[in-house]
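Visitor: Here is what each chain is made of, one letter per residue.
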Amino acid sequence: MTLTGRTIFPGKASGEALVSRMGISFYGGVDPETGVVTEAGHDLEGQSIAGRVLVFPSGKGSTVGSYVLYRLKRNGHAPIAIINETCETITAVGCIIAEIPCVDQIPISEFATGMQLHVDAEQGLISFNGDCVEC
Amino acid sequence: MHLTSEEQALLNGDSGDAAQKAMQILETLGRIYGAERMIPIRSVQIAGVSYANLGEAGLEWLSEMAEGGGRAQVLTTLNPAGMDIENYRALGISEDFAEKQRRVLSAFEAMGVVTTCSCTPYLFGNLPCFGEHIAWAESSAVCYANSVLGARTNREGGPSALAAALTGCTPAYGYHLDDNRQPTLHVHVDADIRDNPDFGALGKVIGDRIQSESSGRVPTITGIPDASLENLKSFCASIATYGGVALFHIPGITPEADCYEMPDERFHVSQHDLDSGKASLTNADAEEVDFVSLGCPHLSLREIQRVAELLEGKRVIKEFWITTSRPVKGMADRMGYTAVIEAAGAKFATDTCCVVAPIEGRFHAMATDSAKACYYAHAKNHFKTRLLNFEAVIQEALE
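Protein sequences appear in the order of chains A and B.
Residue numbering for the first sequence is 1 to 135, as defined by our numbering.
Residue numbering for the second sequence is 1 to 399, as defined by our numbering.
Just chain B, with the same shape it has in the complex (with noise of 0.2 angstroms):
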């Protein structure tokens, strides 16, 4: 692998210990997968944050490079913490927790590193443009920024990205070189696909699909007429978590989608393949419901928009979390939404959200639009789960 003069000294420590372990990481997985250079990167998002999955070694790493000098070089965004910063006592987390979660913040600060703490970068600031390399980890924000964008990336870890932070660059291969962007396979979907648990649940079938086959597989999609970014944002996470999806294609939507050939390898999804996906992430009855959350990933305005006149002038009975950023919230603030949907008893869970925060078996049964938060429902916090559109969710922390 060529590396120019400017990143030999960076391994060579030329610029302090943090820098040279970023370089380290760097070089070594330019080895591992053949990369013949390092390419300058623009942004970063860094997964690995809440408390509840760092650990204490994560947050004895991170503050390691802190102290040892470690500074962003590029715009560098934070994924979801394990508690909302200003309201987690509302949330039932414990001082202990919070001081911990504190201290990982800190050594993000510390280096330069904006603690955003949400998954959805791409709605405040973080928005790369098409073409563009970046290192973002974050499943869900690496497919949508690879498909819906157009910037180039791979799923990068908790700590390669945050050597790419600290350098400025990444090694090329992967989704970064066009050959990797071209589909494999061609997906037509011949199913009704209108909402989130639509889109979700397509994410599922598919994603299941090229799990069991192979990873690293580009689908066209063709079949879906039309999809908000509120659908894109839930199709990505969930095509990301059940089939490690870093990049899709669909015409008319994306913006690669015409500039590869169609692929041969074909498979269809039916109607009928679609209910089974969505029944399979329905196994708890409403009454067993005793926990609902909205924002996986984060909610955009719009969506807390549409909760706040759900909520308006009604009372939930159910503990109810709405997940967001905070850049959002604080939007969310001015225009009377945040009132509206406290009044109504709901309870804002902002940087954080239902997947990273510390609440395994607090519950029993989750209702929620996320095919996403299903499968960590399930393999995480050992919920049962319902799998409904965002109208069905709300009604269901009323009833």
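The shape of chain A in the complex, shown without the other chains (with noise of 0.2 angstroms):
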């Protein structure tokens, strides 16, 4: 099955979900040393987001949070790709500057954590279920 959504950051990625159904705070909410979610009482809270293809509603919290996707992809614990509902400004900032892949506009209800999950952010394409053209 695929999916079509909108490109916030163009490039390819493939890899496992981890899916929250909450905001995520880049800043104070996600160690930047190790990727892991740390907001307390997060559904990802213990969990790293590191060489997973993230999937969230949308970006929360302080601006500063853009610089920390950026420090998680220079030191290698940043996801591979991001995959929003909303992608808000300080997502959006995070992954031109950290050149993260990223779609939003897309329904995440569609995805669990563990699915493997195809992201074209070239054409905004997500595929699953083993239906990927490239795959």
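Think of the hints as simulated: they come from the structure by calculation, not from any bench.
Please note that the accuracy of each hint is not assured.
Here's a subset of chain B near chain A, in silico, CB distances under 10 angstroms, partners left out [what the hints assert, rightly or not]: (1) Leu29; (2) Gly150; (3) Asn154; (4) Ala191; (5) Ile193.
Simulated pairs of lysine-lysine, DSS-like, Cα-Cα distance not exceeding 30 angstroms [to be verified]: (6) B:Lys380 x A:Lys73; (7) A:Lys60 x B:Lys100; (8) B:Lys278 x B:Lys318; (9) A:Lys73 x B:Lys100; (10) A:Lys12 x A:Lys73; (11) B:Lys278 x B:Lys100; (12) B:Lys100 x B:Lys384; (13) B:Lys278 x B:Lys384; (14) B:Lys384 x B:Lys347; (15) B:Lys384 x B:Lys318; (16) B:Lys314 x B:Lys100; (17) A:Lys60 x B:Lys380; (18) B:Lys347 x B:Lys380; (19) B:Lys318 x B:Lys380; (20) B:Lys278 x A:Lys60; (21) B:Lys278 x B:Lys347; (22) A:Lys60 x B:Lys318; (23) B:Lys100 x B:Lys347.
Here a beta-carbon is modelled for each residue, glycine too, at the ideal position from N, C-alpha and C.
Now that you have both chains on their own, put them together as the hints suggest.
Guide: Okay, structure coming up:
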């Protein structure tokens, strides 16, 4: 199955989904050294976003969060792609400066943690359940 | 989104890596928020300057943008840094932090950004005209520029403000457009609003109410007969902190108030609401206070003159920071206020403030006249607070 969204930052990535139903604050909510979510009470608390296709509704919190995505990319702990329902400034700017493929306007209720997702952010396409033109 | 050939050339990388990255940011934000085009801007205020907030990642990115040939195309000023650039040792800032903070400022300088290091750029040289398009970060200054000056800006973050500086443009959406500057809510104030704690508490009461309903609201506020520049900067800081408000109107005080019809939706702020708002920002007793701070937003020259009058011939017994901008400090030096204030044992914390300096956990309880400072004292630095009027704050330092 393939869903079509909007390109925020282009690029392609395939990997295991990590899905949150909650907003993510990268500044203060994610350890910039390890990629582990530290926000108390968050549904991803204790899990690492490193190397995953990170799926969440929208970003929140301080605009410094953009720099956290950049730092995670530089130290090898960034998500390989980001999928949002509605991308906002913090996540968009973070993906642009860190060069992380990002697509939004996707109904993320389709996804669950552990699913294999193929993100083609050039075209804004998300493929899953083995239905992928390139794999 | 339509880009001119010049803007498209920047996006293609014709003017270097930094300008290309900047245009990628602006073009993407334009697409996200439905802008039809870019608009030229006249000035930028950049936030995200303190190394305590930026960290190594922010510093690396700024250095990369400077090395990528980034150069400010319009007047660009800077928010407070994490320390007084000259007097940091007296404030207990480490050499290690100072070194990293200096590298941040060097990266900005290399890009032609004026290292004003203040949240009140409108007090010295970055003063937009009515109707002028600008791209500012720093929520209190954004609110002041939109509301008090009638300039037009969205609430930018550090990277999007820098991107606007390096290209001289910003996407035309949000508060740049007439439609989004219309008031959506009428707030009538039935309370006595006189000094900064009153204005700060009013900002919190309205801000809390708006935040819990929906963001992006523009209130028109009636029942405020008079407000000084200092009252307005305090109010802007508070309503932006507690409610995310970027624009408000006050008939008789702000310039756009009469351009629009009064919205139907309405709520009242009573004296009781105001008193409760004020009381909620005091959770320390007088004897617990070990830190006194004035200057959130940065003090004006008039306020520093008042501090000097109240401290003349006296001696403070608590750590007391006067936070202001370097240009205002320069005038205070010339007028002799600095000498009076320092003789009383208070310290100038120029270029910085109690929100962005690395003082987390250093003090137990802070006295201030700023509702915004109370928010960050609780949320970031884990201090208790006492919200008092200007004179009472100074008295607190003496007892």
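Visitor: Now, for every hint given, state plainly whether the structure supports it.
Guide: Hint-by-hint comparison with the structure:
1. Leu29: With Cβ-Cβ at 6 angstroms, under 10 angstroms, it holds.
2. Gly150: At 24 angstroms from the nearest chain A Cβ, glycine 150 of chain B fails the 10 angstroms test, so the hint is violated.
3. Asn154: 9 angstroms, holds
4. Ala191: Not OK, violated: alanine 191 of chain B not within 10 angstroms of chain A, min 32 angstroms.
5. Ile193: At 30 angstroms from the nearest chain A Cβ, isoleucine 193 of chain B fails the 10 angstroms test, so the hint is violated.
6. B:Lys380 x A:Lys73: Given that 30 angstroms is the threshold and the Cα spacing comes to 26 angstroms, the pair holds.
7. A:Lys60 x B:Lys100: OK: lysine 60 of chain A and lysine 100 of chain B at ~27 angstroms, within 30 angstroms.
8. B:Lys278 x B:Lys318: 23 angstroms, holds
9. A:Lys73 x B:Lys100: The given pair, whose Cα atoms are some 21 angstroms apart, holds under the 30 angstroms limit.
10. A:Lys12 x A:Lys73: The given pair, whose Cα atoms are some 15 angstroms apart, holds under the 30 angstroms limit.
11. B:Lys278 x B:Lys100: Given pair lysine 278 of chain B, lysine 100 of chain B is violated - Cα atoms ~37 angstroms apart, limit 30 angstroms.
12. B:Lys100 x B:Lys384: 29 angstroms, holds
13. B:Lys278 x B:Lys384: 14 angstroms, holds
14. B:Lys384 x B:Lys347: Since the Cα atoms of lysine 384 of chain B and lysine 347 of chain B sit roughly 21 angstroms apart, the hinted pair holds (cutoff 30 angstroms).
15. B:Lys384 x B:Lys318: Distance ~15 angstroms between lysine 384 of chain B and lysine 318 of chain B Cα, so the pair holds.
16. B:Lys314 x B:Lys100: Distance of about 37 angstroms is beyond 30 angstroms: violated.
17. A:Lys60 x B:Lys380: Judged against 30 angstroms, a Cα distance of about 17 angstroms means the pair holds.
18. B:Lys347 x B:Lys380: 22 angstroms, holds
19. B:Lys318 x B:Lys380: Holds - the C-alpha atoms of lysine 380 of chain B and lysine 318 of chain B are around 21 angstroms apart, at most 30 angstroms.
20. B:Lys278 x A:Lys60: The given pair, whose Cα atoms are some 27 angstroms apart, holds under the 30 angstroms limit.
21. B:Lys278 x B:Lys347: 27 angstroms, holds
22. A:Lys60 x B:Lys318: Violated, at about 37 angstroms.
23. B:Lys100 x B:Lys347: 23 angstroms, holds
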